[in-house]
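Respectively, the protein sequence lines represent chains A and B.
Residue numbers for the first sequence follow the numbering used here, so the first one is 1 and each next one is one higher.
Residue numbers for the second sequence follow the numbering used here, so the first one is 1001 and each next one is one higher.
Worth flagging that the hints you see were computed from the coordinates, not collected in a lab.
Hints are not guaranteed to be accurate.
Within a straight-line C-alpha distance of at most 20 Å, the following computed SDA-like cross-link-like pairs (lysine to any residue) qualify [unchecked claim]:
#: 1; chain 1: A; residue 1: Lys336; chain 2: B; residue 2: Gly1056
#: 2; chain 1: B; residue 1: Lys1107; chain 2: B; residue 2: Gly1056
#: 3; chain 1: A; residue 1: Lys56; chain 2: B; residue 2: Glu1044
#: 4; chain 1: A; residue 1: Lys275; chain 2: B; residue 2: Glu1111
#: 5; chain 1: A; residue 1: Lys287; chain 2: B; residue 2: Ile1013
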Amino acid sequence: MRENQTEAQPETDMRNGTSLPQRRVFVILFFLAAFTLFGTNVASAQANGEAIFDQKCASCHMASDEKSTGPGLMGVLSRIPKGDWKYKWVTNSSALIASGDAYANKIFKDYNSVAMTAQSLSNEEIDAVLAWADTGPRKKATVAGGPTGPVAAAEDTGSGDAIYIAVILLIVLILLISVLRFTRINLRNAVRERDGLDEEPAQPFFVAARRWMDENKTKVGLIGIFLVCLFVRWSWYELKDIGVYAHEVKPGVWKGYHPDQPIKFSHRIHAGDNKISCQYCHNTVEKSKTASIPSANVCMNCHKAIKSGAETGKEEIAKIYAAVGWDPEKMQYTGKEQPIQWVKVHNLADFVFFSHQQHVVVGKQECASCHGDVTKMDAVEQQRPLTMGWCVECHRTTDITKNMESNKYYERMHENLKHKYKDQTKFTVESIGGLECGRCHY
Amino acid sequence: MKKRTKYITLPVIAAAMFLGSCSKDPQSPGYEYFPDMYRTPALETNMATQFPGDSGLVMANRLPAEGSIARGWMPYPYPNTAVGDSLAGVYWKSPLPQNDAVEEQGKVLYEQFCIHCHGDAGKGDGLLFSNGKFPNKPTDFTAADKKILPEGHIYHVIMYGKNMMGSHSSQLNIEERWKVIRYVQRLQRGGVAHSQWMADQAKATADTTKGKDSVAAHAAMPNHK
């Protein structure tokens, strides 16, 4: 096939370039032939190299200038010693290091003294993969995909904005009233002047206002009713908000408590798009009272490699590095740690006992039944009221008949219960004492 | 006159109700009514606190005093080196039996802690890699050169991490690690459950007695008894 191409080339060139001196034609032919040969070589090497890279190298190397476990392979051929150093290194790096080779030892030391796993590759394959990776960056470094959703949907205008608008309206209103008042006084005086009367005696604003109120009792009454209703409505909702951390969340009217967090961690990206299970990070949920906030080393399981986020770039991930003490340049821990101060969203009063373990392991509750659909939230928001009424409601209605059958630990107790409630086919948490005061308050 | 007043009053009340339903500050968790016993004086998990001698706020969760050992816990004796890895491969053995029940428990854990990178069949094609977010290819531990590796080696990798994989020792306790390993071994057998695989082996042995060669079957799975 290659030979066919090289032979086909001269014919066309001969036809086109008959006027050229013969020697020059040969030179051109030579280059064309070389190029065709070389070109096909490169092409096949590239295809080959990519396959080998994905299979053998991609766990530790990037086909760009970014470091991971080992150095990025872009421009590698210009860095390493010439000759068969590369073959020796790839097939048995430990031996090369042991032989005292200067560059091998430097690389070994630079990458945390982790020896490269010996690869069983032929010299041709090594050439192919290095040639392919050398001219990188071949793969997109760390930014994966485009933004996968709206970038932090614009926050709804909170009550703060409403207050500003009200204040501005009030100022405009006062200005309008005073301007109109002065216009009115001036006009009236102009009329009196025309009629040959004296100027009307100046009347203080409040006296005038009072006189107007005396004359327009209905209007004043209506405004009064309006203000009273406003106050009653406002205080009603403020009262409902009292009671520690209790929130009545009305979709579309109020948003739940969703405070800003020190790192713009998005549950939508992690638990939603990437489908990372809740337990990967909150891994004590089945063992402990608390579901636990993951320590930053859990973040590092992925973010050692994923250095920039799809939506916030490097800024937010750098905060993890700062907290855990990681130097992304040297790929090393520095030992300077600073805990991240996350803001707790789902709070219960201290006089309530709540255990995640009981609810998740024995009660077989899904995370979402109390925390809402976290896979759609950027910053976590409290979507359930977490009030006692809400707890009791669930304890009254949740059917635990199936759970009782599958739980051997409580077998005897459940037998007694079945004896006690002979005619009952459905058991709720209430039947096993879930409404006793001491169950939660002790 | 009275009728007119009524017509005006009702819209006024309605307007007041509408304006009064203002939105809530998302940064505020609400008011505390006589905040008695709402907040814990004792330290809870993940709280921030300051002890005498601390320069600033620190985690309430503290590491136990150096050298303290929890009951029932055994220290892992092998260091995070290539030599430690080899030693673990030879000497570090699972206390759990290989059976379907353990594998099923391991599967639950595998789906919580491993599947995102290693994929549902262990081919290293989990969602995080296949959607392009994780740049390095996770290990395909079902590959011919990986599935012969001993269970002690897998434990060593979970304990310390390897290459771009981080240590998962803070997320999985000792027993859970061995459960995961049992499931990983099932995946290395091609996802065949242990009982099924034993039945197949018995059949293969029976075939051998009839004169067929079972060396190939053994060579395929030298790792599993």
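Taking the hints in turn, this is what the structure says about them:
1. A:Lys336 with B:Gly1056: holds (14 Å)
2. B:Lys1107 with B:Gly1056: violated (43 Å)
3. A:Lys56 with B:Glu1044: violated (47 Å)
4. A:Lys275 with B:Glu1111: With Cα atoms ~11 Å apart, Lys275 (chain A) and Glu1111 (chain B) stay inside 20 Å; holds.
5. A:Lys287 with B:Ile1013: Answer violated: Lys287 (chain A) to Ile1013 (chain B) is near 54 Å, above 20 Å.
Hints 2, 3, 5 from the list above are not met by this structure, while the remaining hints are.
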